[in-house]
Amino acid sequence: MSDISVQDSGYEANMGDYFALLKPRVMSLVVFTALVGLLVAPVPVHPFIGFVSILCIAVGAGASGALNMWWDADIDQLMKRTATRPIPSGRVEPGEALGIGLALSGFAVVLLWLATNWLAAFLLAFTIFFYAVVYSMFLKRATPQNIVIGGAAGAFPPMIGWAVATGSVSIESILMFGLIFMWTPPHFWALALFVKSDYGDAGVPMLTETHGRDATRRHVLIYTLLLVPVALGLGVTSIGGPVYMAVAVVMNLWFLKGAIDIYRRDDAACEADKHKVEINVFKVSLYYLFAHFCALLLEAALGQYGLGGW
Amino acid sequence: MSIKVEHEVHGRRKNRNYGVLLLLLGFIGIVFGLTVVKVLQLGDARKFETFDHVARPQIVIEEPAE
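Protein chains in written order, with this note's numbering: chain E, 1 to 310; chain W, 1 to 66.
The hints are simulated quantities; they were obtained by calculation from the structure and are not laboratory data.
Residues from chain W shown here face chain E by an in silico Cβ test under 8 Å; the list is partial:
(1) Arg12
(2) Arg13
(3) Asn15
(4) Ile30
(5) Val37
Quick look at which bits of chain E chain W covers, simulated, 3 or more residues with Cβ under 8 Å:
(6) 13-26
(7) 41-49
(8) 111-125
For lysine to aspartate or glutamate, the following EDC-like pairs were computed, each having C-alpha atoms within a straight-line distance of at most 16 Å:
(9) E:Lys276 / E:Asp266
(10) W:Lys14 / E:Asp17
(11) E:Lys140 / E:Asp201
(12) W:Lys47 / W:Glu63
(13) W:Lys14 / E:Glu12
Where a beta carbon is used, it is the ideal one built from N, C-alpha and C, also for glycine.
Model the full structure from these sequences, guided by the hints.
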């Protein structure tokens, strides 16, 4: 009979290390957008079922984060930003991350199915699959467009929230998906323009490195132009209204102005003011998404008093 | 016979074990809460027993005649 062997690496992982596998900061954005998707839907959801649904979506997103960390452990240890993650820093074994990721994925999807409906559970399962397999395993190391297609994974949560309430997919939820999907590339590339990244050292293709910074500036402008009709289009659906439209017009003009400013600059100008414009546009992009979803929430709240919508 | 700590690993893993305990308790709470909400949403408690069982004659809900 052999005893259970205990690997003694001098460190015992605690709950905080396992929690870090779930990418808590990404999770907070997922919780917010999923909650908006659920609350703006025309069908009321029992508060406890709503709470469990959001928890399932958050845990599912966290599980895909754990699977991503398991797969990317080799490149994470090469990059400064990610070297302190639980696996590259040696606090958690890769196998543990895989186990936690798979187990939590299963729990989240099955529980969401039992609590709500098959469509919401299917969308959550697809989101996890898309992020962990399509993005992490195939796109991330293969193409500089990784962020464009991979951004879909981050765009699904409001659609899942909507499906929890209504059991269906509709133009409103597709446009909420489209808003985040089209927003991700300019948001991320604005960041890539001012952060000195070491993606190249890890062999991950990034637009700034594969096609140069001028091409990246052009891409920021093009994707921002494509984003505007999606954001405004959401305003004329049943969940939009005058308040949303006013917010959308202001935020889109602001974001578009920033994208044009970026497009007109060159490397010399960036070095001269230490990327002031790019940093500013990145901040605006954060306000942009937050403001749109808050406006949707406000429309839904006003709707309770017969004031929301058109 | 009282239970004693047999190995220092019990001490080292205390944080983790309590974490798992809390997660399991939370899971029980969620499943119980969901059950209560779903049953209450049925409106008529008799529907619960007839949901996936053959109903006893006493609890068969009679449909109003057309």
